[in-house]
Structure formats: structure tokens, C-alpha cells
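A.B. asks: Using the sequences and the hints, build the whole thing.
Heads up: the sequence lines are chains E and X, in that order. Counted from 1, the first sequence has number 91 at position 91 by the working numbering; the numbering is strictly sequential. Counted from 1, the second sequence has number 75 at position 75 by the working numbering; the numbering is strictly sequential.
Don't take each hint at face value.
Claimed, not checked - With the Cβ distance kept under 7 angstroms, some of the chain X side facing chain E (calculated, not the full set):
{"hint": "1", "residue": "Gln113"}
{"hint": "2", "residue": "Ser115"}
{"hint": "3", "residue": "Leu119"}
{"hint": "4", "residue": "Leu127"}
{"hint": "5", "residue": "Asp145"}
Don't read these hints as lab results, they were simulated from the structure. All residues carry an ideal CB built from backbone N, CA and C; glycine is no exception.
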Amino acid sequence: MTNPNLILSAGPVAAAEFNQYLSTSNKVYLLILGNSPMHQSLMTEALKQAWNWRWVITAPDPTPLYPKLLSMPLSDGVAGITSPWPSGILALSITSGGSIAYIVTNTNPAEIDAAFMLAETN
Amino acid sequence: MKKHIFTVILCLNGLLIYSQEKPVLRIKETTSNGKDIDHEPNYRVVDPNSILTIQLDREQLYSRMADTTAHKELTERLRKLRMMLEKEVEALQTLARAIEEFDKGQKTDLRWQQSLKKLAPYTNLILRDPQGMKAYTLVRGAGVDNINDQYALLFKAARLMVETLEDELKAELKANGSYVQLGAWIETKQGQRALHIPGFDDIAPQKPYQVAQFIYLLPEEQQQEMKAIAQLASVANREGLGAALNTRNAIRELLLSALDTKTAQNLQTLEASLSSILDRASQDLGGAKAALEKSQGELLLYNSFIEATVEKYKQPFSGASDAHLVEFNADVAELRTKTEQLYENLTSNAALVDQQLKTVKGGLQADVEKLSEDLKQLSRGFKEELGVAENRIRNAVEVLVHGEAFRTEAYQFSQEVKKMTLDRLPESGTLNLETSGERDLGDALVIRIAYGKGSSALRDLQTLRYRLYFCSAYVRTAVSFLFLDPVPLLERSDNKALFQYAPSYSILLKGIWKNRENSRKSLSYHTFFSPGLGLNISSLDFDGNGAMEIGMGGTFSIFQDFLQLGYGSNLFSGRGYSFFGLRIPVGGFAIR
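C.D. replies: Here it is in C-alpha cells:
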């Protein structure tokens with residue numbers, strides 16, 4: 001059964017909601033950072049794969065999440081992210097242990113596969 | 001403490017296994033009775049009539065070739081990808097297990113996560129590499145939402161990457177002029193011979209020849225051995241054993257038998273013919289006279305050298321065995337040089353005689369013409385015979401003194417062996433031993449693969465050395481000097497064996513003590529132990545009246561038939577006897 005899309009609220013409350021989702025250790029996430037048509041397209045593709053332990057979180061307003069995201073550990077092989085938050089990042093995949101596993105920069109479905117596979121195995 | 005030592009040994013053992021290189025060449029042997037055997041790296045023996053399929057492991061080939069060049073990083077990536085592909089089934093099973101664990105409601109014990117983490121090396125290898133990501137995108141297509149399909153595609157992408165990287169490496173190795181050569185040689189009593197591997201060389205194949213698996217009759221060299229042993233037995237029965245057996249005498253026998261060839265005897269006849277013609281009509285020989293006289297002189301010199309050598313080896317030896325061997329080797333070398341010279345001189349003299357034939361008068365012309373032909377043919381024949389004899393005696397003496405006589409000189413690729421760039425290199429080659437010419441059990445087979453770059457020296461990739469032996473049942477004859485005790489054990493009054501000596505031969509069933517695989521791994525089983533079971537037939541003289549009697553019995557042989565033990569019966573008197581037999585280096589003796 002497909003998992004539902006977890007949509008974060010607008011404003012500072014988004015960070016708290018995000019932290020709450022992260023506290024569960026039996027899921028991996030694809031976090032979509034925005035609400036543009038590209039993000040929408042990405043979300044549609046990602047939801048097709050939201051299955052079992054794979055979940056999708058959409059943050060229509062991602063700004064409140066940046067401090068948290070910048071402080072999160074990175075899996076081996078992930079290039080460091082520095083402030084200010086780079087504009088090209090469309091989404092991130094996050095491991096069950098709370099590390100950033102992959103950075104998605106385009107809407108290619110293969111990118112979403114990679115994001116989930118790397119998040120669940122790292 | 002013991003525990004620590006054990007741990008260290010285990011670790012070292014692990015390191016050794018880890019560091020062990022995989023071979024470049026893999027051999028599949030198809031025996032003459034159609035059995036296929038995949039060789040393991042520790043196989044040392046092949047059936048002499050088999051067909052060998054030589055498979056080239058490209059992964060290892062590229063890896064070894066690139067190891068010494070600037071392509072190490074590329075080959076390392078290829079190695080990891082190939083390792084990943086080897087684990088495909090296991091990885092997909094792990095994924096299925098993780099899904100099952102999750103579905104079983106074990107969402108909280110997180111065992112499914114531990115299963116998935118085992119797949120990290122594979123996802124990282126493909127999806128974190130831009131080239132890998134490109135390959136994954138290429139193989140993915142649309143509509144793949146199933147997790148199982150995604151992981152299967154990961155391995156498909158790995159395969160695509162392997163192909164791409166191999167092409168890249170191949171192109172680079174081609175661009176820098178790298179090539180590979182594969183060759184095979186056989187080492188027989190007659191010397192070294194390069195063999196034909198279709199697709200890899202232009203060497204002409206030899207006429208088909210099968211090594212007989214079942215031999216019941218004594219071959220010529222064993223007949224010589226038998227004659228010599230019969231003489232020895234006669235001397236031993238007459239004068240005692242010490243007078244008959246002498247290792248140095250055995251070596252002398254070898255040299256004398258080598259010189260006792262038909263052509264050597266003909267040399268003396270030829271010299272006599274020459275002398276006769278020169279005496280008969282010296283004036284009528286015209287311009288050919290000088291060449292004939294020269295030939296006569298050379299033949300006289302050569303014959304006296306042979307006579308002196310034979311005379312020398314007829315004398316009892318003194319001094320250390322090593323010194324004697326050095327002297328022996330020098331004499332064989334001298335013999336070779338003198339024969340080469342004789343060949344050159346007689347051939348050029350014969351050519352001179354041919355030129356001057358018109359100046360020879362009357363009836364002598366036909367005689368001289370024939371003599372010229374004889375000169376050419378005889379010298380050529382003797383040169384070839386001596387080559388064979390020289391190899392035989394050298395090998396036999398080396399084995400007598402040093403044991404294994406594997407030739408260590410380099411196996412050089414001839415001009416006929418193709419230099420193949422990687423894009424032209426076949427996946428495998430076939431070496432049909434039946435078309436490798438005359439050979440025998442114990443001969444050596446060498447397969448070598450090497451690579452070169454431009455005009456720089458070749459570098460070895462792998463050299464395989466085998467010995468030819470049957471690895472299933474076969475029959476061979478053996479000649480031995482028999483020590484037999486005609487007095488039954490319980491009837492002896494003085495409790496002392498009374499040996500009689502007799503020549504004998506055995507028909508032995510061999511190759512039955514180990515299975516096909518073990519028989520190929522153990523060289524000593526063939527070269528040292530070589531056990532056999534069979535029938536012994538001997539020529540006896542229990543009455544001492546000089547009339548030969550026939551004995552027949554069962555025998556067990558060991559150590560290349562150097563030792564035989566058995567029990568037989570005198571067919572004339574009906575008396576039983578126990579015996580042991582020794583193989584003695586005389587006559588046509590050769591260790592195979």
C-alpha cells in the first residue's frame with residue numbers, strides 16, 4: 001500500500017513537524033523542498049515509490065528547515081551543503097538514522113530511485 | 001598464548017588466500033574418451049591424447065596488463081563491479097528478505113534495516129558514481145516503480161559499466177601498442193617443439209599421433225634394456241652381483257649405445273669405399289680427387305675420435321662421480337661439435353665432387369656420383385641420430401643424478417606466433433595434443449601467455465607446465481633384473497635366501513590408484529611412485545644347466561618400476577619362487 005504524502009505546515013511549525021517525523025527510526029524519507037511545478041512533478045514521481053519504509057515529505061515552504069538540514073550529518077559520498085542554502089536543490093533523501101543520503105537536483109525518475117535506494121541502504 | 005598464535009596463523013592464512021591471484025588462463029581438458037575436466041590451478045598432469053581448451057579470463061588479463069601501466073584505477077573499478085555482479089543473486093535475496101521482515105510486522109525491531117545495509121556497497125558503487133548514474137538512467141527507462149526492479153536494474157547498470165570500461169581499457173591498451181601472445185611447446189626426448197593453437201599462430205600442425213594407452217609388447221628401447229639385463233644376469237650368476245652392477249658402467253652403456261647407431265657403422269663402410277676408389281684409379285678422378293681425399297681424411301679423423309671415446313668409456317672409471325659427470329658432459333658436447341663439423345664438411349665436399357664430376361673418367365663416374373650422394377645422406381642421417389641420442393643420454397644422466405630433469409630454458413615465441421591486440425584476441429584457443437607430433441608419457445607441455453608493448457620486452461602473464469601421463473587405466477611393459485629365491489620359505493634349512501638372477505619383463509596395469517582429479521594434481525604419483533600391478537615373465541635357469549626355463553608370476557611395481565615384488569612359478573619344474581626386481585640403467589634405459 002502506498003504511503004501518504006506528509007505535507008509540512010507553512011512557517012516555523014514546519015521545523016517541529018519535521019523533527020517529529022525524523023524521530024521515528026523505521027522510515028526513510030524523500031524530502032521535497034518547495035512547491036514549484038518541478039517540485040510537483042518530483043512529488044508525483046516520488047509518491048509512486050512511497051511504499052513500505054519509503055515515505056515522502058513535502059515542505060512547500062522549506063526555509064524554516066534549512067538550519068536543521070545544514071546541521072544534519074551526511075552519508076559518505078555526499079557533497080557538503082553550506083549556508084546560504086543552494087537554490088538548485090529540489091529534494092533530499094534521509095536515512096532512517098537521520099543522515100542526508102542523496103541530493104536531488106532534477107526531476108529525472110532515476111534520481112528518485114537513487115535517492116531512495118541510497119537512503120535505505122546507508 | 002596458543003590462542004594468539006592460532007589467530008595469527010588464521011589471519012596470515014586469510015591474507016594469503018586474499019592475495020592469491022586468479023589465473024589468466026583456465027584449462028578445460030577433454031580426454032580421448034570424451035570426459036571433460038575443468039582444471040584447477042594445482043593440476044600438473046594432462047592426458048597425452050587430450051584436447052585442451054584454453055580460456056582467457058579477460059578480467060584477469062586486463063587487470064595484469066593494466067597493473068603495470070597507468071590504468072590501475074580503471075581496473076580497480078572493473079574489479080569491484082565484477083565482484084558486485086558475482087553477488088547479484090545473493091543481493092536480490094537479501095532485498096527479498098528485508099521486505100519479508102518488514103511485512104511480517106517487524107517494523108520496530110529494524111532487522112529489515114540491517115538486511116538492507118548489506119546492499120550499501122552496491123548502491124554506493126553505482127549511484128554515487130556519475131558514470132554509474134548515467135548507466136542506471138540508460139537502463140531504467142520509464143514506469144519502474146517496483147523496488148525489486150530497481151535493484152535488478154542496478155546490476156544491469158553494473159554490467160553496462162563493465163562493458164563500457166572494458167572498451168575504454170581495450171582502446172587505451174590498443175592505442176599504446178599493447179599486444180598479447182599465446183604459445184605452447186612440447187618437450188620430448190627429441191627436444192623442444194612449438195605447438196599450433198588455431199587462431200593464435202601460423203605454426204603448421206603435426207601429423208595426428210596417438211600415444212598408445214595399452215602396450216603389451218616390449219618397445220625397442222626396452223628390448224635393448226632386456227638384452228643388457230640378460231647379459232648382466234648371466235655375469236651376476238657367474239661372477240657375482242658386484243661385478244655386474246656399477247652405476248658408472250651404466251652411464252658408459254648409455255654413451256656406447258648412443259654411438260652404436262646404424263649410421264655410425266655405415267660411416268666406417270663409407271670410409272672404406274672412399275679408400276677403395278682412391279686406391280683403384282687415383283689418376284682418373286680428375287678435379288674430384290681433392291674433395292674425395294679431403295672427405296676421406298675427415299672421416300678417418302672422425303672415426304678415430306669415436307674409437308678413442310668408446311675406448312675411454314670402456315675403461316673402468318676412477319675419481320669422484322661429479323667430476324666424472326662433468327667430463328661426460330664435455331665429451332657429449334665435443335661429440336656434438338665434431339659431428340656438426342663433419343656434417344658441414346662432408347656436405348660441402350659432396351658439392352665440390354658434384355661440380356667436378358665431368359672431369360672424372362669412364363666407369364668411375366657412376367661410382368663417384370653414388371659416393372657423393374652417400375656422403376650427403378650419411379652425414380645428414382648421423383647428425384639427426386646423434387641429436388636424438390644426445391638428448392636421450394643427457395636426460396637420462398640428469399635424472400640419474402639430479403632427479404627431475406625439467407628443462408628450464410626460456411620458451412620463446414617464434415615468428416609464427418601472432419601478436420594480438422586486445423580487440424582481435426579470441427576468447428579461447430584449442431590445443432589438440434593429437435596433432436602435437438610424436439610424444440610419450442613423461443614429456444612436458446608448456447603453455448605461456450605474455451604481453452608486450454611496442455618494441456619493449458615481453459612480460460609474462462602466466463606459464464603453465466604439465467607433464468603428459470594417462471590419468472586413467474593404462475598398460476605399460478617394464479624390464480627388470482630379477483632377484484629370485486627358488487627355495488620356499490618353510491623349506492629353507494639355513495634360513496638364508498639363495499638368490500638367483502634373471503632377466504624379466506612385466507606387463508603392468510597402471511593409473512588405477514587415484515581418481516581423475518587427484519591423478520592430475522599429483523606429479524609424484526606419476527614421476528616417482530608410478531605403481532603398477534600385473535604379470536611378470538622371466539627367463540630362469542633353476543637347474544643351472546644353461547637351458548632356459550620360463551617363469552610367470554604376479555607382481556606389484558613401484559617407483560617407476562624400479563622395484564617390483566611378487567611371486568611366480570617355474571612353468572617347467574612347477575617350483576614356486578618369490579622375487580623382487582630392480583630396474584637397472586642399462587641398454588635403452590630411459591626414465592619417463
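A.B. asks: For each hint, tell me whether it holds in the structure or not.
C.D. replies: Now the hints, each set against the structure:
| no. | hint | verdict |
| --- | --- | --- |
| 1 | Gln113 | holds, 6 angstroms |
| 2 | Ser115 | violated, 10 angstroms |
| 3 | Leu119 | holds, 5 angstroms |
| 4 | Leu127 | holds, 4 angstroms |
| 5 | Asp145 | holds, 4 angstroms |
Of the numbered hints listed earlier, the single one contradicted by the structure is hint 2.
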